[in-house]
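Student: Go by the hints and put chain B onto chain A.
2 protein chains.
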Amino acid sequence: MDFKIIHKDTHSRARCGLLTLERGTIETPIFMPVGTQGSVKSLSPQELDECGAQIILGNAYHLYLRPGLQIIEESGGLHKFISWPKPILTDSGGYQIFSLALLRKVKDEGVLFQSHLDGARHLLTPEDVVRIQNVLGSDISMPLDECVSYPASFEQAQKAVERTTLWALRSKKEFEKRKQGILFGIAQGSTYKDLRKRSINELLEIGFDGYAIGGLSVGEPQDLRYNILHFAIDDFPSGSPRYMMGVGLPEDILEAVSMGVDMFDCVVPTRYGRNGTAFTSQGKLTVRNGEFAHDQRPLDEKCGCTCCRNFSRAYLRHLFNAGEILGIRLVSYHNIYFFLHLMREARLAIREDRFSAFKENFMARCE
Amino acid sequence: MDFKIIHKDTHSRARCGLLTLERGTIETPIFMPVGTQGSVKSLSPQELDECGAQIILGNAYHLYLRPGLQIIEESGGLHKFISWPKPILTDSGGYQIFSLALLRKVKDEGVLFQSHLDGARHLLTPEDVVRIQNVLGSDISMPLDECVSYPASFEQAQKAVERTTLWALRSKKEFEKRKQGILFGIAQGSTYKDLRKRSINELLEIGFDGYAIGGLSVGEPQDLRYNILHFAIDDFPSGSPRYMMGVGLPEDILEAVSMGVDMFDCVVPTRYGRNGTAFTSQGKLTVRNGEFAHDQRPLDEKCGCTCCRNFSRAYLRHLFNAGEILGIRLVSYHNIYFFLHLMREARLAIREDRFSAFKENFMARCE
Numbered sequence: 056m057d058f059k060i061i062h063k064d065t066h067s068r069a070r071c072g073l074l075t076l077e078r079g080t081i082e083t084p085i086f087m088p089v090g091t092q093g094s095v096k097s098l099s100p101q102e103l104d105e106c107g108a109q110i111i112l113g114n115a116y117h118l119y120l121r122p123g124l125q126i127i128e129e130s131g132g133l134h135k136f137i138s139w140p141k142p143i144l145t146d147s148g149g150y151q152i153f154s155l156a157l158l159r160k161v162k163d164e165g166v167l168f169q170s171h172l173d174g175a176r177h178l179l180t181p182e183d184v185v186r187i188q189n190v191l192g193s194d195i196s197m198p199l200d201e202c203v204s205y206p207a208s209f210e211q212a213q214k215a216v217e218r219t220t221l222w223a224l225r226s227k228k229e230f231e232k233r234k235q236g237i238l239f240g241i242a243q244g245s246t247y248k249d250l251r252k253r254s255i256n257e258l259l260e261i262g263f264d265g266y267a268i269g270g271l272s273v274g275e276p277q278d279l280r281y282n283i284l285h286f287a288i289d290d291f292p293s294g295s296p297r298y299m300m301g302v303g304l305p306e307d308i309l310e311a312v313s314m315g316v317d318m319f320d321c322v323v324p325t326r327y328g329r330n331g332t333a334f335t336s337q338g339k340l341t342v343r344n345g346e347f348a349h350d351q352r353p354l355d356e357k358c359g360c361t362c363c364r365n366f367s368r369a370y371l372r373h374l375f376n377a378g379e380i381l382g383i384r385l386v387s388y389h390n391i392y393f394f395l396h397l398m399r400e401a402r403l404a405i406r407e408d409r410f411s412a413f414k415e416n417f418m419a420r421c422e
Numbered sequence: 056m057d058f059k060i061i062h063k064d065t066h067s068r069a070r071c072g073l074l075t076l077e078r079g080t081i082e083t084p085i086f087m088p089v090g091t092q093g094s095v096k097s098l099s100p101q102e103l104d105e106c107g108a109q110i111i112l113g114n115a116y117h118l119y120l121r122p123g124l125q126i127i128e129e130s131g132g133l134h135k136f137i138s139w140p141k142p143i144l145t146d147s148g149g150y151q152i153f154s155l156a157l158l159r160k161v162k163d164e165g166v167l168f169q170s171h172l173d174g175a176r177h178l179l180t181p182e183d184v185v186r187i188q189n190v191l192g193s194d195i196s197m198p199l200d201e202c203v204s205y206p207a208s209f210e211q212a213q214k215a216v217e218r219t220t221l222w223a224l225r226s227k228k229e230f231e232k233r234k235q236g237i238l239f240g241i242a243q244g245s246t247y248k249d250l251r252k253r254s255i256n257e258l259l260e261i262g263f264d265g266y267a268i269g270g271l272s273v274g275e276p277q278d279l280r281y282n283i284l285h286f287a288i289d290d291f292p293s294g295s296p297r298y299m300m301g302v303g304l305p306e307d308i309l310e311a312v313s314m315g316v317d318m319f320d321c322v323v324p325t326r327y328g329r330n331g332t333a334f335t336s337q338g339k340l341t342v343r344n345g346e347f348a349h350d351q352r353p354l355d356e357k358c359g360c361t362c363c364r365n366f367s368r369a370y371l372r373h374l375f376n377a378g379e380i381l382g383i384r385l386v387s388y389h390n391i392y393f394f395l396h397l398m399r400e401a402r403l404a405i406r407e408d409r410f411s412a413f414k415e416n417f418m419a420r421c422e
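Protein sequence lines correspond, in order, to chains A and B.
Numbering-wise, the first sequence is residues 56 to 422 according to this note's numbering.
Numbering-wise, the second sequence is residues 56 to 422 according to this note's numbering.
Bound conformation, chain A alone (with noise of 0.2 Å):
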């Protein structure tokens, strides 16, 4: 693993990068479309390099539950089993044992859960977690970590980043004795600046190959998001990526890249569009409404997606009414190609020093 960055804004703390893996050089800042359960939803591998993906997610937790480890090993990885060579960032499905198992337990040992698909018991360890993705054969893995929600109490939070931080030092270990593409660590710590800093430190002090600031985007406020991050973000070393989880809208992701940020994935694209949501360079546009039913125009008339270039607003409009799946595949293949032509964009105004005119000019479009 390589990483570089080739230009840094004059104007804010953006920066352009080049993250070289065993199966391909992606161009940060980026965005992974999220594949759960090895499908970005609704969009077939190869939509997905037409839209200029460069790298997907998907998730340890879900395809340990199902279709199970063996199936997918003896699929030759996951990358064989669903057909996409480039690189594929494996979440360790932690936030998912969190937010979705039945009866978890907690334990410095690692997490006791049901499945959330059959109600089964299942431990597991950091270790565990570590080997399921290499099983997967990840080129980018992520370590168990322990995300609160929020509000959570000082010493809630506290607890939590003493247990990520353990459970970060054995996944290295773990990690070590294969070194299987790369790994990062996962900075915790709520809303509160000294278990921010304590946690990326205690981070750094283990070494990883990148570093994502988990824990946002649990239920706070914006702007105390914002505040976290811009704080925070002083303490991840510069010369490796950083990578937010699970943001976000368009908005927050410029937001972010102008504070250092480099990688991002959200469900947003694939969930907006099955419920006919199109982010479009004028914001967001329901395609249900009764005002497009004759509306010739495409979804976004400055983009040069195939949805746009073969589908009106007011055809879209009809296989939603019509309960068409089609129209769920085309406003999910426009959205997840709308969010990484907006990083393309973003990437060129970096490299030319005009990234803040570029965020303001999006942010005032989009009101």
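Since the hints were derived computationally from the structure, they do not count as laboratory data.
Source: prediction; values computed, not measured.
Misleading hints may appear alongside valid ones.
The list makes no distinction among identical chains, and a pair is therefore deemed to hold if it is satisfied within one copy or across any two copies.
[Said to hold, decoys possible] Taking lysine-lysine pairs in the DSS-like style, the calculated list, with each CA pair at most 30 Å apart, reads:
(1) K339 x K135
(2) K135 x K357
(3) K228 x K141
(4) K160 x K232
(5) K357 x K232
(6) K227 x K248
(7) K357 x K141
(8) K232 x K248
(9) K141 x K227
(10) K162 x K232
(11) K63 x K248
(12) K339 x K162
(13) K339 x K214
(14) K357 x K228
(15) K232 x K135
(16) K135 x K248
Tutor: Below, chain B without anything else, positioned relative to chain A:
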């Protein structure tokens, strides 16, 4: 329009033809994927093209009710609305009015019914139905007919034949005003041979560009269906395209091809696809079955479609178990490809005078 028979099989009544329409020439015998509401379920027009579709179906009844003619007219017709530049055959929707709509009342004037969508009352005359298809821009229009279910009394079937002839005549007159595309006649007569003879002869007297056999596959036993088809097809002029509506499974299609039928449509490939049932050269395969959990083979080892070139049965089974739309897409795609490929092979077999052997071989493999 021009219909040329380019070869007749020496051992059966199967024939190969070329039907030239304004938007393209289609090779017969042909299978036409069904896009009832302006979308072949779960597939994009680009994918239909990849699969080799030469003509698809739309449904006048469905599109008239939703999104309504005005929207399609504003879009420049159905082809532009759905982004499919090749030929479209539109079914009149007579069958749907008789099967889906509420409180219908059939009079010689036309059909009075309530929309299955919102209960609104509509009266459609045969003239209306031709005009609707003109607005849609259909390449092949079908007249309103009266399709009786099985079993029907002789008197019911006779009344339906009389009305179908009356409506066919009025449809032809209305069609002559614009002469956009071509118009087929639809023969009825249930399972009564003399009614079948009467129906087609009355249509021949009016004169149409092609002839469809309606009122089969409505619940009658298979033997009876083939018996009626075998008898009825004799009266269809050999120089015109012959269309068997709503048929069917691959074995039904090949049987009808051997009797000299040229055109077919059916929702089977996409309906089965949505349920995870794939058609293969070895018979049907239910993707969800536990036996495929570890199966690394494609759906059909002899198939060259995008699905079979990229994805395993194990992955497809996982997608269905996980409720991922991509599973529906891929099996629907494969099934449409399978039907279209089967017809390509059937045409080749006819041209090489080995259609009967081809058919027997297919039947034997699929048992």
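Student: Does each hint hold? Answer for all of them.
Tutor: Going through the hints against the structure:
1. K339 x K135: Between copies only: 25 Å across, 35 Å inside.
2. K135 x K357: Result: close only across copies, 20 Å inter versus 35 Å intra.
3. K228 x K141: For K228 and K141, the Cα distance is within 30 Å only inside one copy (26 Å; across copies 60 Å).
4. K160 x K232: within (28 Å within a copy, 77 Å between copies)
5. K357 x K232: Neither: 49 Å inside a copy, 42 Å across copies.
6. K227 x K248: Answer is within: at 25 Å inside a copy they meet the 30 Å cutoff, but 80 Å across does not.
7. K357 x K141: both (28 Å within a copy, 27 Å between copies)
8. K232 x K248: neither (34 Å within a copy, 79 Å between copies)
9. K141 x K227: Within one copy only: 24 Å inside, 58 Å across.
10. K162 x K232: within (24 Å within a copy, 81 Å between copies)
11. K63 x K248: within (26 Å within a copy, 83 Å between copies)
12. K339 x K162: So K339 and K162 fail the 30 Å test inside a copy (43 Å) and across (49 Å) alike.
13. K339 x K214: neither (40 Å within a copy, 56 Å between copies)
14. K357 x K228: neither (49 Å within a copy, 47 Å between copies)
15. K232 x K135: Classified as within; 24 Å inside a copy, 58 Å across copies.
16. K135 x K248: Answer is neither; intra-copy 42 Å and inter-copy 57 Å both fail.
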